[in-house]
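Participant: Chain order of the listed sequences is A and B. Under the working numbering, the letters of the first sequence match residues 490 to 781, in that order. Under the working numbering, the letters of the second sequence match residues 33 to 320, in that order.
These aren't lab readings, by the way, just hints derived from the structure by calculation. Beta carbons: idealized from backbone N, C-alpha and C, even for Gly. Mixed in with the good hints, there may be bad ones.
[Said to hold, decoys possible] With a straight-line Cα cutoff of 25 Å, these simulated SDA-like cross-link-like pairs (lysine to any residue) come out: (1) A:685 <-> B:287; (2) A:685 <-> B:306; (3) B:147 <-> A:760; (4) B:147 <-> A:609; (5) B:147 <-> A:534.
[What the hints assert, rightly or not] A few chain A positions that, by computed beta-carbon distances, are all more than 12 Å from chain B: (6) 519; (7) 521; (8) 550; (9) 575; (10) 628; (11) 632; (12) 634; (13) 661.
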Amino acid sequence: MVTTRPIPLGLSTFVLASPFSDADLGLFGKVKSFGYEQVEVCIEDPGRLTASAVAKAAAEEGLSVLVCGAFGPDRDISHEDEQRRRGGTGYLRHCVDFAAAVGSTLVSGPMYAPTGQARLLDAGARAAQWARATESLAQVAEHARAANVRLAVEPLNRFETDLVNTVEQGVRLCADVGADNVGLLLDTFHMNIEEKSLPAAITTAGPRVFHFQASENDRGTPGSGHIAWEEIVAALRGIDYAGSVVVESFLPTVQEIARAVSLWRPVADSMDALAADSVRYLRPLLQSGGQP
Amino acid sequence: MTAEGGFRYSYNSLVYAGEDLAVSVDRVARFGYDAIEIVGEPEQIDAKRVAKLTQDAGIGVSSICSIYTPERDLIHPDPDARNAAIQYVKDLVDFAATMECPTVVVHPTANMKIKALADPAQEWQWAVESIRTAGEYAAPRGVSFSLECWNRFESYFLNRLEQARRLWAETGLANGGVQGDTFHMNIEEASLADAYRDSAGVLQHVHFADSDRTAPGGAHIDFIPIVDALVEIGYDKYISFELLPALADPFSGGRHEEFFDRYTERAIRVIRAVEDLVRTRRTLGGKG
Chain A
490 MVTTRPIPLG LSTFVLASPF SDADLGLFGK VKSFGYEQVE VCIEDPGRLT
540 ASAVAKAAAE EGLSVLVCGA FGPDRDISHE DEQRRRGGTG YLRHCVDFAA
590 AVGSTLVSGP MYAPTGQARL LDAGARAAQW ARATESLAQV AEHARAANVR
640 LAVEPLNRFE TDLVNTVEQG VRLCADVGAD NVGLLLDTFH MNIEEKSLPA
690 AITTAGPRVF HFQASENDRG TPGSGHIAWE EIVAALRGID YAGSVVVESF
740 LPTVQEIARA VSLWRPVADS MDALAADSVR YLRPLLQSGG QP
Chain B
33 MTAEGGFRYS YNSLVYAGED LAVSVDRVAR FGYDAIEIVG EPEQIDAKRV
83 AKLTQDAGIG VSSICSIYTP ERDLIHPDPD ARNAAIQYVK DLVDFAATME
133 CPTVVVHPTA NMKIKALADP AQEWQWAVES IRTAGEYAAP RGVSFSLECW
183 NRFESYFLNR LEQARRLWAE TGLANGGVQG DTFHMNIEEA SLADAYRDSA
233 GVLQHVHFAD SDRTAPGGAH IDFIPIVDAL VEIGYDKYIS FELLPALADP
283 FSGGRHEEFF DRYTERAIRV IRAVEDLVRT RRTLGGKG
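Given these sequences and hints, build the entire structure.
Facilitator: As structure tokens, then:
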């Protein structure tokens, strides 16, 4: 039996300010006024973001909080060097603690390698990196379990990573980690480049889909491009998806992962317009729609 | 050969890297292509030999797949560097003319360059001037340019066909137009069919690949409305398949077996079937 329970809608702080900091928490009022019930806080600079302040600001607006990470070269859990790997797992543990403190049951993002790292490696080097990623993820997953937090690993398109591009690879990574609190974050922007069929990929991942991000094919407002949103929501219904959908795009000021984002032209009249129009388009679909 | 008024089909030999072009030409001819697209490396490829090989096989050379590196940057702030890039494009014009190839692909800056080296308005002006200079050399030699858009990860400069149309118009050139590649368009355009439709009259060349850069039919691009748009605007030039492996730098080599016989055979078979369907529907107009 396919559920028609409303799927909650969230907005990524990448749309609001980047790097997002305590000084930007006043923007949560806007998130609420656009019509979102969740805000996904991206921890770009941990020094500028306090969990208690985030939790307080969100509570004042009646928003629930999700946490995602931004993974630059200093946060590399699959690096050859153990010291460098510790930089990555340390950051990821901080994200988990932050999530627990703000009441988020999720930490999501492409946490297996630095975003933008796309090299040619031979099969042996690739397998070794994969093994280091799974080992680090297993360690952090244990820490996360104690905090009642789940990890949602995000496959990225070929230009942003060389390790996990497809949902199939993501499912394999989760299986290799072997922890039931490790699943996937699927993002339509990346899936549009890498998946043979977006709905089929969602179905394949099934219960491993912990989290979902909505972005148009050009990173613009959902509904303004060619992504087949009704089919996607129908596929989410089909797997009885119990998570939320977060609208993500990027301001040109994004620093930690600027090379990976590569946005050279405005994809909407303004980021406020993108945030507001996304709710207008997605809400009816997520409310009860998505029947094929 | 295709029916009169139909598209002509080509396959980009870029993905055959490392193979003797005699083998490549033979494969493309064997699977029914009208032409082959040749990589723009005049120092490495003997144009006269390719002319002979294609002639003997009964096919043509559709286009030159130019390779824009940091040393071939038409909008570089250093005038000497720009001139070197212009000279590269002029060399490609001669290279193309030797093979009776009608089209040289142009992109104003280096592949994988994603950071401007000068003021955007100034770079735009250099693009107009460099392309015009090279285009004026190409015109009397019977060669046209196709100004190609690349996705955001491969270039910051021209991502959407609308941008390319604006740049092309500013060059004032009559020998050529713009080029859309469905792989890039799937990332950048709101509607692939509309982007082609809006390029009516200035569409010089077309690259087809599915959404994951494999042969059409394997992934999620619906080619029916796209081909319908091309038929609608009367496009009668080449559809060339530029298929590449899933790597951030797809030009970095390595042999990927499926791109040889398997995709070469499938690409033309699938798109010919789509072309046939679209033209049949249009002819019958619902009265069949």
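Participant: None of the hints should be skipped; say for each whether it holds.
Facilitator: Evaluated hints:
no.	hint	in the structure
1	A:685 <-> B:287	holds (22 Å)
2	A:685 <-> B:306	holds (19 Å)
3	B:147 <-> A:760	holds (23 Å)
4	B:147 <-> A:609	holds (22 Å)
5	B:147 <-> A:534	holds (24 Å)
6	519	holds (26 Å)
7	521	holds (29 Å)
8	550	holds (33 Å)
9	575	holds (27 Å)
10	628	holds (28 Å)
11	632	holds (31 Å)
12	634	holds (34 Å)
13	661	holds (16 Å)
Going down the numbered hints, you'll see the structure goes against none, and every one checks out.
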